[in-house]
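S.K.: This is what each chain is made of:
2 protein chains.
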Amino acid sequence: MVSKRCYGLGTARSVIRELFEYGNQRAQEVGPDQVFDFSIGNPSVPPPQAALDELERLIRESDPLVLHGYTSAQGDRAVRERLAASLAARFGHGYGPDDLYLTVGAAAALCCVFHGLTEAPGDEFVVFAPYFPEYKVFIEGAGATAVILPPHVPDFQIDLAALEAVITPRTKGVLINSPNNPAGVVYTPQTLRGLGELLSRKSEELGRPIYLISDEPYREIVYDGTVTPWAPDFYDDTIVCYSYSKSLSLPGERLGYVLVGPQVAGREEVYPAVAGAGRTLGYVNAPSLFQRLCAACDGLTADLSIYAENRRLLTEGLGQLGYDTSLPPAGTFYYFLPTLEADDTAFCEKAKRLDLLLVPGSGFGAPGYTRLSFCVPTQRIQRALDVFARLAKEYGR
Amino acid sequence: MVSKRCYGLGTARSVIRELFEYGNQRAQEVGPDQVFDFSIGNPSVPPPQAALDELERLIRESDPLVLHGYTSAQGDRAVRERLAASLAARFGHGYGPDDLYLTVGAAAALCCVFHGLTEAPGDEFVVFAPYFPEYKVFIEGAGATAVILPPHVPDFQIDLAALEAVITPRTKGVLINSPNNPAGVVYTPQTLRGLGELLSRKSEELGRPIYLISDEPYREIVYDGTVTPWAPDFYDDTIVCYSYSKSLSLPGERLGYVLVGPQVAGREEVYPAVAGAGRTLGYVNAPSLFQRLCAACDGLTADLSIYAENRRLLTEGLGQLGYDTSLPPAGTFYYFLPTLEADDTAFCEKAKRLDLLLVPGSGFGAPGYTRLSFCVPTQRIQRALDVFARLAKEYGR
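The listed protein sequences derive, respectively, from chains H and C.
With numbering that gives the first Met the number 0, letter number 314 in the first sequence gets 313, and the count goes up by one each step, no holes.
With numbering that gives the first Met the number 0, letter number 330 in the second sequence gets 329, and the count goes up by one each step, no holes.
Just so you know, not all the hints are guaranteed correct.
Just so you know, same-sequence chains aren't split out, so a pair can sit in one copy or run between any two.
[Said to hold, decoys possible] Listed next, the in silico DSS-like pairs over lysine-lysine satisfying Cα-Cα at most 27 Å (straight line): (1) LYS351 - LYS392; (2) LYS351 - LYS201; (3) LYS201 - LYS3; (4) LYS135 - LYS201; (5) LYS392 - LYS349.
The hints are simulated quantities; they were obtained by calculation from the structure and are not laboratory data.
Here the structure is a predicted model, which is why all the values come from computation and not from measurement.
Bound-form chain H, shown alone (with noise of 0.2 Å):
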């Protein structure tokens, strides 16, 4: 009686969700202390006190009929520029309000783009392992399907002869994800300088552009002095995704955007394609009140240094205990951690014995690596290198 897929999608049991109620139950039958959940990614940072005092700020000054109002279909105007001249202050390209489409999202703005770039059923985006795994329903639900590569162990980065062989004339577009989501890697120039090569040749030959679609929510969220960097330097036919839910702490405001920039090969197509997408898809426009906090409040980023102490309690402490933490996540909230054995589901299984929440990377598609969300209080990780401990016994080391 109704739509299979979309039945499917509304009873399946995501595993991270599955875990955190879990949580949540233990926590009333053995106190919250004596749980230990590092299953989602949700903000524990509050916003920055900027953004908070932007909100004030706009409440109380503004017209709440204009504050509150329809605006554009792809977002204000004024908020467009704004936002265009600190993306083109901080990045260059000489961005412009025309470049950019503001979505409930980076999840919304993906699927944009999708939806507007598939052509006909078949054609392929290309994925990274490990990889979001709504990436694969978002790509599906355009039609289109979604061509997983396996990840590239140990570091994460593209392996560029690997991409080459999965490229086809089905493929429109290549799907990056830097600070990822669950490795914690950030692609260096080199990588992104060998991928932009790599597809300006493989565009030639096909004679239309593969775009680079490069999902960056938690561009800024990045550790020791690493930089993300801008993927447009490295390749024109870019379009930028991106979520203030991460850098703002906002993720249940639902505010990104697209961006197509000038450099983009027919961008004349695209931008409308992205925003006819939009217009099927029944987002009518980003909400508005968050259009203009985000569009003041962008480049500003929660306090990271809780996010970075976190991070170094966990490289030390588990580091200690004879976990592989040879790769620290150099951008995101996550660690990506070698399982103790080759079954990460069965050493996340153990783990929750010990009531330890980790999600297994299986999920994310790479076996034999565990995530742990570190953006929880930094006294739940002290509090759990003793259960690391002994997890790690069990294991004999």
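With the hints as your guide, set chain C onto chain H.
M.R.: Just chain C now, kept in the frame of chain H:
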């Protein structure tokens, strides 16, 4: 290189949007007082003070990590509990939190329902003219077909015989919009009773429910003591779509819901399919701050007395000038007026030459009519009556 359909939607000229832009341009040329724009359905009355107070209170008193954090995909549970209690108190039926799926406005609600219900290409949804033109975009976006029934003039109630004639084994649902944009009509209990009986009979014949989808963002915007009947009282298999855009004057904030009540046959399939559709369309959760706000303000409205006064002025003023005001709107803030010549586009062109901006009924599937949005400052209506008089004179009235 891109999706033809999305590109077409992204470049299509919207008659309403073009009129609105033209009005802004003319205002700069001849002064804003000399342009009489009745094109856009953007609320002109501020949100109720209680809603603005609640917004301040939420921001002042809530933990920002919770207030702006992810909620469940279907909406925060406490929000859904509060909203379901409000709906149950207003309309009965024992609604509960698990009957509600919160959405990014009514457009998203409709898209989730059409995607969730469509099993195969060629599935049909019946729509009654005059109708909001995006309905067709949303239905076709789900891979289904919109079957448009011509307007039932002059009262715009439902012609049950005409409806029965188009119901086939492919009919998945029937969409109603009461109070109606653009006709302003509210379906009577008699209309809904007849509709319910017909759909029950046809569902029995087909051996499965034909769903009634009731899009009712104007539910509370009614005049002269009109009460919008509650569609599920007349037909069990009714899925209600709602938005707070109009009632609370918050159109830019994108908050609405789908209600799949306990009486709906197959609700254990329909609700997950709606939620799964939201997932594949890229809706993560409805904006979190306004989830709280709208649940707290459910049932409130902006000050309708201003719209009522505008409606009275138009009924009296236009009637005296020889326009047919025999069917003033029972709800909404739209006046649907028979044009003074059969060609409604020519009529609106003549009006435009007088800087009187009216939308032709043809765009809503109802030639011979024009839509006036009277969500405008009352003064504009008072001054526009002179222009309406000049227009009537051109037709010898």
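S.K.: Now tell me if each hint is right for this structure.
M.R.: Here is what the structure says about each hint:
1. LYS351 - LYS392: Cα proximity of LYS351 and LYS392: one copy only (15 Å, versus 81 Å across).
2. LYS351 - LYS201: Answer is neither; intra-copy 46 Å and inter-copy 52 Å both fail.
3. LYS201 - LYS3: between (37 Å within a copy, 24 Å between copies)
4. LYS135 - LYS201: within (23 Å within a copy, 39 Å between copies)
5. LYS392 - LYS349: within (12 Å within a copy, 85 Å between copies)
Checked against the numbered hints above, the structure violates only hint 2.
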